[in-house]
Amino acid sequence: MVHVSQRLVPRIYQYGRPVLCDLGEARFQKGSHTDDIQPYQYRASEVILNIPLDEKVDIWNVAVLTWDLFEHGNLFKTTGGAENKEDNVYRLAYMIALLGPPPKDLLQQSRSDQL
Numbered sequence: 001m002v003h004v005s006q007r008l009v010p011r012i013y014q015y016g017r018p019v020l021c022d023l024g025e026a027r028f029q030k031g032s033h034t035d036d037i038q039p040y041q042y043r044a045s046e047v048i049l050n051i052p053l054d055e056k057v058d059i060w061n062v063a064v065l066t067w068d069l070f071e072h073g074n075l076f077k078t079t080g081g082a083e084n085k086e087d088n089v090y091r092l093a094y095m096i097a098l099l100g101p102p103p104k105d106l107l108q109q110s111r112s113d114q115l
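According to UniProt numbering, the sequence shown holds residues 1 to 115 in order.
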């Protein structure tokens, strides 16, 4: 028998203070970056399209994370196809279905040969 003085399992939907963490993908602003940053479900279209990054992708990241916190689920699906696997093509397709096509000038900056 184990005695506990406090509840070990937190109540559902009860949050503590937010904590800024997991800065493993952080980049210094000097230079141009096009590598994969951000958790998969929060990636901005610039990351998916392999476009040089700026602070706008961080704003996108916070917005999608905020959606997840209030809606208890991802704004965009990250999987698709017969095998229901994660792929940037599916992710971008869900983004376009919800938000409309990206501006042409954004697509022209893409360095991705996969899309």
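These are calculated hints, taken from the structure and not from any lab test. Remember, predicted model here, so these are calculated numbers, not experimental data. Check each hint, because a few of them may be wrong.
With a Cα cut of at most 30 Å, we get these calculated BS3-like pairs of lysine-lysine [what the hints assert, rightly or not]:
1. 104 to 77
2. 85 to 104
3. 56 to 77
4. 56 to 104
5. 56 to 85
Between the alpha carbons of residue 56 and residue 104, is the straight-line distance 30 Å or under?
holds, 18 Å
Taking 30 Å as the top limit, are the C-alpha atoms of residue 56 and residue 85 close enough?
Measuring from Cα to Cα gives roughly 27 Å; hence the hint holds.
Does residue 104 pair with residue 77 here, judged by a C-alpha cut-off of 30 Å?
Since the Cα atoms of residue 104 and residue 77 sit roughly 23 Å apart, the hinted pair holds (cutoff 30 Å).
Check the hint pairing residue 56 with residue 77 against an upper bound of 30 Å on the C-alpha distance.
At roughly 21 Å apart (the allowed maximum being 30 Å), residue 77 and residue 56 satisfy the hint.
Given pair status - residue 104, residue 85, alpha carbons within 30 Å:
The hint holds at about 28 Å.
When each numbered hint is compared with the structure, no violation occurs for any of them.
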